[in-house]
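Student: If you want the building blocks of each chain, they are given just below.
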Amino acid sequence: MPVFTQREKLKTLGYCDVQDITPLAEAMLLKSGMVDGIASVFVPGSTASITTIEFESGAIHDLQKAIQRLVPENAPYEHDKRWQDGNGFSHVRAALMKPGLSVPFHQGRFLLGTWQQLILVDFDNKSRIREIVFQFVGE
Amino acid sequence: MPVFTQREKLKTLGYCDVQDITPLAEAMLLKSGMVDGIASVFVPGSTASITTIEFESGAIHDLQKAIQRLVPENAPYEHDKRWQDGNGFSHVRAALMKPGLSVPFHQGRFLLGTWQQLILVDFDNKSRIREIVFQFVGE
Amino acid sequence: MPVFTQREKLKTLGYCDVQDITPLAEAMLLKSGMVDGIASVFVPGSTASITTIEFESGAIHDLQKAIQRLVPENAPYEHDKRWQDGNGFSHVRAALMKPGLSVPFHQGRFLLGTWQQLILVDFDNKSRIREIVFQFVGE
Numbered sequence: 027m028p029v030f031t032q033r034e035k036l037k038t039l040g041y042c043d044v045q046d047i048t049p050l051a052e053a054m055l056l057k058s059g060m061v062d063g064i065a066s067v068f069v070p071g072s073t074a075s076i077t078t079i080e081f082e083s084g085a086i087h088d089l090q091k092a093i094q095r096l097v098p099e100n101a102p103y104e105h106d107k108r109w110q111d112g113n114g115f116s117h118v119r120a121a122l123m124k125p126g127l128s129v130p131f132h133q134g135r136f137l138l139g140t141w142q143q144l145i146l147v148d149f150d151n152k153s154r155i156r157e158i159v160f161q162f163v164g165e
Numbered sequence: 027m028p029v030f031t032q033r034e035k036l037k038t039l040g041y042c043d044v045q046d047i048t049p050l051a052e053a054m055l056l057k058s059g060m061v062d063g064i065a066s067v068f069v070p071g072s073t074a075s076i077t078t079i080e081f082e083s084g085a086i087h088d089l090q091k092a093i094q095r096l097v098p099e100n101a102p103y104e105h106d107k108r109w110q111d112g113n114g115f116s117h118v119r120a121a122l123m124k125p126g127l128s129v130p131f132h133q134g135r136f137l138l139g140t141w142q143q144l145i146l147v148d149f150d151n152k153s154r155i156r157e158i159v160f161q162f163v164g165e
Numbered sequence: 027m028p029v030f031t032q033r034e035k036l037k038t039l040g041y042c043d044v045q046d047i048t049p050l051a052e053a054m055l056l057k058s059g060m061v062d063g064i065a066s067v068f069v070p071g072s073t074a075s076i077t078t079i080e081f082e083s084g085a086i087h088d089l090q091k092a093i094q095r096l097v098p099e100n101a102p103y104e105h106d107k108r109w110q111d112g113n114g115f116s117h118v119r120a121a122l123m124k125p126g127l128s129v130p131f132h133q134g135r136f137l138l139g140t141w142q143q144l145i146l147v148d149f150d151n152k153s154r155i156r157e158i159v160f161q162f163v164g165e
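Protein chains in written order, with the working numbering: chain A, 27 to 165; chain B, 27 to 165; chain C, 27 to 165.
Next up, chain A with everything else stripped away, as it sits in the complex (with noise of 0.2 angstroms):
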């Protein structure tokens, strides 16, 4: 089959909270069958972003606190003054990472480095049920 998408559900706490979604992933890419092309790791919505870090606490925490630096939370935003939801940091956040992330595979296992996870990062600011989408085309 030279397509596979595949919805999985996971919670999550936001106010950039980082999950580690790689053992989720292998677990697609193994039921796919596949074991040649590229993977689509997207998350519907507006206030999240997929990439990749070290997962370890003390990186997390560096990555958590430079976007608090850079789109800070408490700043004045238009969207929230229009839609009460106080969440305007969130989407800012989350349209300048990105809400997806290509990763090739190859020989059945995601070409990622040794000390490299695929994360989730929520920064809605309040929990949530994301659906992670992986997608997989090849052979």
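Hints in this document: simulated from the structure, not taken from any laboratory.
Each hint should be verified, as a subset may be incorrect.
Note that identical chains are pooled: a pair holds if it fits in a single copy or bridges any two copies.
With a cut-off of at most 16 angstroms between alpha-carbon atoms, the simulated EDC-like pairs for lysine to aspartate or glutamate come out as follows [as the list claims (entries may be wrong)]:
| # | residue 1 | residue 2 |
| --- | --- | --- |
| 1 | 152 | 99 |
| 2 | 35 | 46 |
| 3 | 107 | 82 |
| 4 | 91 | 106 |
| 5 | 107 | 165 |
| 6 | 37 | 157 |
| 7 | 35 | 157 |
| 8 | 152 | 34 |
| 9 | 57 | 99 |
Quick caveat: nothing in here was measured; it's all calculated off a predicted structure.
Based on these hints, arrange chains B and C on the given structure of chain A.
Tutor: Relative to chain A, chains B and C alone:
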């Protein structure tokens, strides 16, 4: 046909002009006849980007303001000293935000959130005719 | 659907070293024999990124300066306190800029702009031998 590539022209205003390209992307997907796969949305050129946002004026304003604060227009840029085209800030913004985004589609629809639109952000310092590439790989 | 995956080694200097990998990508595309599809350009590891820029010394300098300002090298990082490798800033930069980029190709050519090059940015704090993945999916 497993690959469908289409280029569409779009007039932009520059200076962080944000345009909703979701309807165009949906029309291209329909035209491709494909129902499952990866859409690569890409803007050739060094001064524009593709991302997603909830396309409402508040969030758009917030994004533009954040970009202006993070990479200011009125700062000295080496690019400007050498080429005198005054868009050094545009190049830095575009390199940071990247020219493309991959979006999975399934059963004929992009797997975007309900309030999530595909946008082109033009960082250049003048009006441009941009060519957007919509490429679908799948089935 | 055919998939072609190739890994190529590249020596980098770290500290925001920027290298033009367009010629290498073009050589790989030629080698793949493919003419239409998506190229996934990806750098395994947690301290480097792929993006595009007009590859001229002014714009490169401006990008490096902006990154240094946005995520400073000389700031306290939790990662450094725990692992003593002094590259906390590299991890944050790479997580924000992400390790890959997808570029469409058509009729045997990448759909890049005339003044747009594919670059590897190495954020690490030392010289590295990087392996870049070039993966083509299409026909």
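Student: Now tell me, hint by hint, if it's right for this structure.
Tutor: Each hint, compared with the structure:
Taking identical chains as interchangeable, the C-alpha atoms of residue 152 and residue 99 lie at most 16 angstroms apart only when both belong to the same chain, with a minimum of 13 angstroms there against 32 angstroms between chains. For the identical chains of this complex, residue 35 and residue 46 are intra-copy neighbours only, at 13 angstroms inside a copy versus 28 angstroms across copies, given an alpha-carbon limit of 16 angstroms. In this homomeric assembly, residue 107 and residue 82 come within 16 angstroms of each other (Cα to Cα) only across copies, at 12 angstroms, whereas the closest approach inside a single copy is 37 angstroms. Taking the shortest alpha-carbon separations for residue 91 and residue 106, only the inter-copy value of 14 angstroms comes in at or below 16 angstroms, while the best intra-copy value is 22 angstroms.
In this assembly of identical chains, residue 107 and residue 165 lie within 16 angstroms of each other by CA distance neither inside one copy nor across copies; the values are 49 angstroms within and 44 angstroms between. Within a single copy, residue 37 and residue 157 get their C-alpha atoms as close as 9 angstroms, which meets the 16 angstroms cut-off; across copies the closest is 35 angstroms, which misses it. In the homo-oligomer, the alpha carbons of residue 35 and residue 157 lie at most 16 angstroms apart inside one protomer (4 angstroms), although the nearest pairing across protomers, at 33 angstroms, exceeds that limit. Proximity of residue 152 and residue 34 under a CA criterion of 16 angstroms is satisfied in neither setting, with 19 angstroms inside one chain copy and 39 angstroms between copies.
Taking identical chains as interchangeable, the C-alpha atoms of residue 57 and residue 99 are never at most 16 angstroms apart, the minima being 39 angstroms within one chain and 42 angstroms between chains.
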